[in-house]
Amino acid sequence: MSHEQATKKQLDAAAKTALEPIIAKKKAGQALTAKERMAIPAQAMPAQDAVARGKNVSEVAEGYSEAQALLEAERCLGCKNQPCVDGCPVRVPIPRFIAEIQKGDFKAAVDAIKETNLLPAVCGRVCPQEKQCQLTCTVGKGLKSIEKAVAIGRLERFVADWERENGKITPPAVKKPTGKKVAVIGSGPAGLTVAADVAREGHSVTIFEAFHKPGGVMVYGIPEFRLPKAIVQTEVDTLTKMGVKIDTNYLVGRTRTVKQLIDEDKFDAAFVGVGAGLPKFMGIPGENLVGVFSANEYLTRSNLMKAYDATRAATPIFRSKIVTVIGGGNVAMDAARMALRLGAEKVHVIYRRTLDEMPARAEEVAHAMEEGIIFDFLRNPNKILGDDKGRVIGMEVQKFQLGDPDESGRRSPVAIPGSEYVFDCDTVIVALGNESNPLLVKTTEGLVVDKKGRIVVNTDQKTSLDAVYAGGDIVLGAATVILAMGEGRRAAAAINELLK
Amino acid sequence: MNKILQKKKLSADVYEMIVEAPLIARARKAGQFVIVQIDTDWGERIPLTIADAETGAGTITLVFQAVGATTHKLAEKKVGDHVENILGPLGTPTHIEKVGTVVCVGGGIGVAPLHPIAQAMKAAGNKVIIIIGARNKDLVIFEDRMRKIADELIIVTDDGSYGRKALVTEPLKEYCSADPKPELAIAIGPPIMMKFCAEATRPFGVHTMVSLNTIMIDGTGMCGGCRVNVGGETKFVCVDGPEFDGHKVDFDNMMTRLRAYKSIEDEAHHVCHLGLGLEPHAAPPAPAAAPGVKK
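As they're listed, the protein sequences go chains A and B. Take the first sequence: its letters are residues 1 to 500, numbered as in this note's numbering. Take the second sequence: its letters are residues 1 to 295, numbered as in this note's numbering.
It should be emphasised that the hints constitute simulated quantities derived from the structure, not laboratory data. On a predicted model such as this, the values are computed, not experimentally measured, just so you know. Cβ coordinates follow ideal geometry from the N, Cα and C atoms, glycine included. The reader is advised that the hints may include incorrect statements.
[Claimed, not checked] Computed beta-carbon distance windows for the label pairs:
id: 1; chain 1: A; residue 1: 343; chain 2: B; residue 2: 199; range: 35 to 45 Å
id: 2; chain 1: A; residue 1: 172; chain 2: B; residue 2: 3; range: 32 to 42 Å
id: 3; chain 1: B; residue 1: 12; chain 2: A; residue 2: 7; range: 27 to 37 Å
id: 4; chain 1: A; residue 1: 406; chain 2: B; residue 2: 183; range: 45 to 55 Å
id: 5; chain 1: B; residue 1: 29; chain 2: A; residue 2: 435; range: 48 to 58 Å
id: 6; chain 1: A; residue 1: 263; chain 2: B; residue 2: 123; range: 40 to 50 Å
id: 7; chain 1: A; residue 1: 242; chain 2: B; residue 2: 123; range: 15 to 25 Å
id: 8; chain 1: A; residue 1: 460; chain 2: B; residue 2: 3; range: 52 to 62 Å
id: 9; chain 1: B; residue 1: 183; chain 2: A; residue 2: 264; range: 30 to 40 Å
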């Protein structure tokens with residue numbers, strides 16, 4: 001990506017110019033040919049200046065202008081076989097919603113998305129579209145570049161933002177009360193999805209959230225600069241308007257057990273969407289030095305607890321000069337970019353494999369690189385070094401090379417003997433994923449889990465317990481917002497069936 | 001929600017509050033704690049002790065020392081005010097069983113979390129010996145309540161202004177050298193006190209439980225900020241603890257980690273206001289200064 005970024009204004013102006021002949025043609029009653037559609041330039045996402053944004057937490061990607069959205073939508077061929085829909089875990093009717101944008105009916109577009117996806121403003125921002133809907137897009141294939149696929153995620157975000165900013169959000173219709181009660185445990189993407197789908201059928205829903213604010217990973221994990229918290233709050237408010245009750249500061253397993261909710265509090269069904277949430281550490285020497293954090297802790301301090309605003313937030317964040325983030329996923333990118341915004345002079349990402357194998361969303365990696373995050377590929381720490389005060393002063397790192405592909409198909413890294421070296425840093429953030437939080441499982445007798453502690457479910461997301469369903473990271477291991485929502489939808493459908 | 005029903009000053013900066021929290025009151029067991037936050041948007045989350053609870057009234061008793069931003073704000077609240085957020089009960093409850101003789105050692109404000117544990121140990125049929133330590137007479141809390149439970153009660157102060165002039169480790173050693181020696185010791189107070197209690201009992205082979213109070217954010221196992229080294233393994237205080245075998249805890253590492261944010265807090269506010277509202281300043285040499293409150 002170039003550092004010569006076009007501004008939002010420039011991109012809008014260019015889009016307006018390009019849109020004129022298309023509008024003229026449509027007015028004349030002529031349809032665009034596939035060739036003409038393929039010739040429309042892919043619309044770049046306007047973004048805050050790469051240097052300026054390293055010093056603030058405002059959203060990086062600024063969103064399409066109306067002209068850009070209209071122009072990008074014209075790139076869609078409206079394929080009959082809908083390969084993009086097959087690539088979407090919740091099967092959003094993509095060609096249909098884009099066709100509505102082409103007509104200029106943004107409300108109809110967002111309503112079409114919401115038939116299967118209740119959080120379009122979130123998913124438009126955080127889904128790995130290049131691995132899902134956009135991976136299979138005919139336009140991208142025709143132009144031989146995934147980057148030139150129709151920007152489905154950006155269009156989704158555009159209509160969702162348009163709806164919210166123009167006060168057009170209409171809470172889904174709710175059927176008349178059935179008198180049945182459903183407990184939703186955890187208010188992340190899976191839980192919110194279940195709550196909405198079950199509430200629509202007229203069931204009374206209570207969400208139980210351990211933190212003081214609802215939203216799960218969308219509020220404690222994903223940073224403001226990638227997903228503004230006001231957007232998550234709007235989604236939660238919609239649920240509240242549908243009559244969903246949210247009990248924060250409520251840790252199921254401790255405050256009440258699942259069994260108590262069902263037997264004593266008379267919930268007719270429960271959905272467990274508590275997330276993964278037990279941070280993995282590496283088990284290397286020096287991991288308990290001052291200055292070593294799990295990404296969960298670092299991000300929770302800076303996101304949920306708002307430590308980025310030291311003048312107002314009571315929760316402190318460690319002050320760093322040189323930060324090393326271990327890992328190559330979205331959480332590693334979030335932690336690295338947050339560290340930069342919190343004033344680190346240098347931020348390294350250490351990853352065992354190479355750029356091609358990184359699981360992080362492409363746009364986040366590109367943004368991180370633009371912002372000056374340093375990527376040290378084919379490296380892994382051997383130990384963390386501390387001073388006599390027990391604080392981090394450096395790290396010993398091992399170099400690797402790529403060997404043969406492993407069972408996941410990724411080429412596995414092999415250590416190069418004798419390649420160890422030491423470099424200085426004062427902060428280490430471990431972003432190697434999460435294991436299953438054992439708390440709810442431990443306190444719920446009869447709930448069957450696999451050897452990694454993930455709850456075992458059938459195809460309806462039902463657990464080993466009657467009327468208890470589960471989904472999201474506690475079933476999948478660390479996954480994505482959209483996959484969690486997909487599981488939530490299935491669970492909600494099964495719960496609605498159960499309560500018929 | 002969480003209305004404050006009673007407030008009492010126990011010593012210069014130590015407060016006791018009875019707060020409405022019916023679900024926590026019903027669920028809590030000895031050894032557990034809560035996380036409290038004042039100001040949902042900007043406040044920090046701090047662990048606090050559950051010193052007592054009334055299931056019928058639906059109340060819990062919090063005891064805390066006003067040392068950090070949050071505990072100061074909490075101390076300013078009046079009867080009738082509300083505590084915005086209380087999560088709990090957290091942590092694994094104390095394993096209560098009849099073992100014989102249990103020596104319970106509480107330093108400073110650590111006496112508060114010790115109270116429900118001593119109570120439960122007594123109810124389980126143990127002989128309960130309680131040692132209360134404080135810097136001086138004014139800082140001795142919960143004496144009457146502990147006296148009701150204790151088969152024997154010893155009070156020590158650093159300056160001799162009340163009870164014996166000694167550190168808690170002295171009577172603890174004496175009990176350990178007696179015949180028969182106690183089956184179990186439980187020590188709760190500042191980290192340095194717990195460390196020395198563990199060292200005091202180690203030569204006698206008396207099993208010693210300590211209750212740790214570390215930096216914590218979520219309290220549910222999610223952040224790992226509370227991790228401690230116990231017998232060479234990393235454990236999370238919030239879910240694996242807060243109680244651990246005192247002979248296995250790496251107290252030096254724990255105390256280092258408690259000071260992680262000290263410089264920031266000293267600079268940002270004249271008074272501390274750490275991630276926890278407690279410990280960083282909780283590592284003074286005297287048992288009485290346990291600002292840490294959680295259990």
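ask   = Looking back at the hints listed earlier, which ones does the structure fail to meet?
value = 3, 5, 6, 7, 8
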